[in-house]
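Number of protein chains: 2
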Amino acid sequence: MPTDAALNQFFDLLRFGSISTDSKYKDQIVACADWLKDKLNAIGLEATRYETPGHPIVVARGPRRDGRPTVLIYGHYDVQPVDPLTLWQRPPFNPGLENGIVTARGASDNKGQIFSHILGVEQTLKETGDLPVNLIMLIEGEEEIGSPHLAAFLAAHREELACEVVAISDTGMIAPGHPTFTYGLRGLAAVEVTATGPDHDLHSGIFGGAVENPATVLARLIAGLHDKNLKVDLDGFYDDVKPLASWEREAWQHLPLQELDLLKMTGAPALRGEKGFTALERTWARPTAEVNGIGGGYQGEGTKTVLPSKAMAKFTFRLVPDQDPKKIIEIVQDYFHRNAPPSVRLQIVPGHSGEPYLVDPNAGFGLAAQKALGRLFPGKKPALIREGGSIPIVADFKSILNADTLLLGLALPDCNAHSPNETFPVAHLDLGQNLNRYLLEELAEGK
Amino acid sequence: MPTDAALNQFFDLLRFGSISTDSKYKDQIVACADWLKDKLNAIGLEATRYETPGHPIVVARGPRRDGRPTVLIYGHYDVQPVDPLTLWQRPPFNPGLENGIVTARGASDNKGQIFSHILGVEQTLKETGDLPVNLIMLIEGEEEIGSPHLAAFLAAHREELACEVVAISDTGMIAPGHPTFTYGLRGLAAVEVTATGPDHDLHSGIFGGAVENPATVLARLIAGLHDKNLKVDLDGFYDDVKPLASWEREAWQHLPLQELDLLKMTGAPALRGEKGFTALERTWARPTAEVNGIGGGYQGEGTKTVLPSKAMAKFTFRLVPDQDPKKIIEIVQDYFHRNAPPSVRLQIVPGHSGEPYLVDPNAGFGLAAQKALGRLFPGKKPALIREGGSIPIVADFKSILNADTLLLGLALPDCNAHSPNETFPVAHLDLGQNLNRYLLEELAEGK
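Residue numbers (our numbering), protein chains in the order written: chain A, 1 to 447; chain B, 1 to 447.
Keep in mind the hints are simulated off the structure, nothing from the lab.
Possibly wrong hints are sitting among the right ones.
Copies of the same chain look alike in the list, so a pair counts if it works inside one copy or between any two.
To be verified - Here are the simulated lysine to any residue pairs, SDA-like style, with alpha carbons at most 25 Å apart:
1. K326 to P53
2. K398 to D430
3. K228 to P341
4. K26 to E301
5. K242 to E281
6. K39 to Y438
7. K231 to G67
8. K228 to Q333
9. K37 to R15
10. K326 to G302
11. K327 to P256
12. K275 to A223
13. K37 to Y25
14. K26 to R68
15. K37 to P2
16. K26 to N99
17. K327 to G302
18. K264 to T194
19. K231 to N339
20. K228 to D334
21. K24 to G302
22. K327 to Q123
23. K398 to D199
24. K264 to E122
25. K264 to P342
26. K24 to L85
27. K228 to N402
28. K24 to D322
29. K275 to L85
Let's have the full structure, built from the sequences with the hints guiding it.
Below, the structure is given as structure tokens:
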């Protein structure tokens, strides 16, 4: 169990409503960054808050000595929005601890995970007065909106941030007690599409039939995104998709996370997706076209017989190596423009995007990470997995700092990241604290 | 121009927020019914407010004498909801008069039209102390939600409401100054469909691909409602559709309302609908499948990468003679159930419905109505049209009271019924007042 002081501080961190996508929460974002800077200074690092055109970035450094590797630990202090608020069992920014589980927005993603690394560094510095490596911690506030200013920040501070390897705990463990090394991530490309027909809502009796319904038009465009095998049906969409290796397909069949688990975790009546792939393969190594939100016309109580003026849908396309988000956004725009009938005007607004990521887990620092995980759970071989989520900045670390990234997740599969009632087991604060110590030791050895 | 007193009273009537679909407005509904009862008593009719399981019905009677026909004038005092409120140029229940145009929710549909009949009856009674026919006025408060209690009310009061013919002004004039007799209406069947996949919103990265997206599923079901010629593609949907007569197709080509007018009125970039029919034919004599509203997932600012738990759509199917709403709802339910994948649970809730309507305009009381319209606009032949909207109770008058209905509309095509900024020309109060007088005279003659 973490100390009372550590737990109280974790709760303080969770109380900041640091929602990055909504400008109403700007004060909370800034206050959260300042809290982290103060905490990192207090444990003996040298911390600075950097301004960006968006939300601040906090960077902290440990003691620097020649002859040992520089390791950058990345995390983010911003969180997802909280709606629908009615589904939360407690206010999302009023953290609670029950049966060893902390509930709050950001508990897993990413405050709990980055805070456990801070606890690890604090402990090592207290015990030894030094760290085994030259450490940089970089904690940003725009991960949930696609890190729009991080790449420019890395480029502008390329020399101060030069490092041999990056470590991130922002992914999941395959199952409780099962050490997990994530060697691949999906990328993403976001697009919002609005179809406008008539310039105001019309009486569906007086005009229905003469004027085409933009909600129906949008539905047809959404329907056209997939073929009958539930493959994405856009020209060129799969051109750059790297096929799954046979060792991956084989290994994933034996993981302690299978379709029954997914059914239980999601509450869906059935799993269904692209033909020819298992559910894990579909989420980890196959791209998707997902509707995140759709709206148009009358959504209130009862009936209103309107033919709506417009309908909109928000999409994200999850991408896999070697798909290029820019190319995918072009393909998507082209699809919508080519297929929209003359009865609607389309507005297409591209949103954030991120590159997919894949490294060899059995080479270089990857082996050191596997050793650290092995020490954390003696006798257990770490699961080698990919994940379906996106951490777009992993590609930036590679291209700008020329550093590979180790993804060592501490979240559990049922932690409700991005959903109501997000959780983090309090025991995972200890786990992350130990992981931080073993990892820095193994990376120092692995140099 | 109406008298100041008449105009003030019209504004009083428009100030009631008598929205029938929303239970918040119940007080306004009841107050509006009482206002009408008092007004009808004040002009010399004998008015009563009847309770129903829903909103009240006001019935008023004129002097009864043997040997002359009984005419029932029907209207409704309830109105459509007002959202989106931001598009109104003035508060919808704060009527205003500018350049001869009254703007308020309900101005045309139906308060302006029924109030002009009341003014007509008031004038005739004041001038002659009698009316040419035995008059019944019936004004209800549930037309916009499908008149769920009117049929039972007619049946329960079959003898007191016995009449030879019904007259309704709740339709439109084909163009300003152009007398119009509507001999056909579309019916309607409403259905709300909710598709639920996972039991909570999911992270679209972690689960996207494994779990099917219910918004996408719903979009596919909507897309499947039409074939590539934009015909409704449901088995049996057109089985009972009466083909257009050749005289109708010929006459409608020469009406002063054509595709350019529809484009201007709607602001749509293009008209588009079922292949093989003109826009007027599609709205007046062909059935539709219309999405009135759709919603699911995140509709706020920015991006939220969720795979939504559910998506819903509200539909109305506009029907033409001799389609049966009950049969159509069965066809629609069957379509959704047969085509929904196992990845979603469907909830289908049928809403209100109404029969389509068609009479011979050149027989019986229809000829009397044409004469009254001829007197209103000397030298102009009334346009014989159908309309795309629905007045379901017209079928009830036929089946319960065995009376045909004359539809003599006073609304203009650009009156924004059911839309923001609904209007009614103040001159049409006079028009309706005169129509009432001529109509009662001609119906007395036509007996």
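Verification of the hints:
1. K326 to P53: within (23 Å within a copy, 59 Å between copies)
2. K398 to D430: neither (30 Å within a copy, 78 Å between copies)
3. K228 to P341: Both: 22 Å inside a copy, 12 Å across copies.
4. K26 to E301: Intra 34 Å, inter 14 Å, cutoff 25 Å: inter-copy only.
5. K242 to E281: Answer is within: at 13 Å inside a copy they meet the 25 Å cutoff, but 53 Å across does not.
6. K39 to Y438: within (22 Å within a copy, 87 Å between copies)
7. K231 to G67: neither (51 Å within a copy, 75 Å between copies)
8. K228 to Q333: both (22 Å within a copy, 22 Å between copies)
9. K37 to R15: within (16 Å within a copy, 59 Å between copies)
10. K326 to G302: Answer is between: at 19 Å across copies they meet the 25 Å cutoff, but 42 Å inside does not.
11. K327 to P256: neither (36 Å within a copy, 50 Å between copies)
12. K275 to A223: both (17 Å within a copy, 21 Å between copies)
13. K37 to Y25: Intra 19 Å, inter 54 Å, cutoff 25 Å: intra-copy only.
14. K26 to R68: This pair counts as neither: shortest intra-copy Cα distance 39 Å, inter-copy 76 Å.
15. K37 to P2: So K37 and P2 pass the 25 Å test inside one copy only (21 Å; across, 74 Å).
16. K26 to N99: Answer is neither: 33 Å inside a copy and 48 Å across each miss the 25 Å cutoff.
17. K327 to G302: between (43 Å within a copy, 22 Å between copies)
18. K264 to T194: between (35 Å within a copy, 22 Å between copies)
19. K231 to N339: The answer is both: 18 Å in one copy and 18 Å across copies each meet 25 Å.
20. K228 to D334: Both, since 21 Å and 21 Å are each at most 25 Å.
21. K24 to G302: between (32 Å within a copy, 13 Å between copies)
22. K327 to Q123: Intra 46 Å, inter 73 Å, cutoff 25 Å: neither.
23. K398 to D199: neither (48 Å within a copy, 38 Å between copies)
24. K264 to E122: Classified as neither: same-chain Cα gap 38 Å, cross-chain 70 Å, threshold 25 Å.
25. K264 to P342: The answer is between: 16 Å across copies meets 25 Å, while 44 Å in one copy does not.
26. K24 to L85: both (16 Å within a copy, 24 Å between copies)
27. K228 to N402: For K228 and N402, neither the intra-copy (42 Å) nor the inter-copy (52 Å) Cα distance is at most 25 Å.
28. K24 to D322: Cα proximity of K24 and D322: none, with 37 Å in one copy and 55 Å across.
29. K275 to L85: Neither. Shortest intra-copy (35 Å) and inter-copy (46 Å) distances fail the 25 Å Cα cut-off.
Hint compliance for this structure: hints 2, 7, 11, 14, 16, 22, 23, 24, 27, 28, 29 are not met, and every other hint is.
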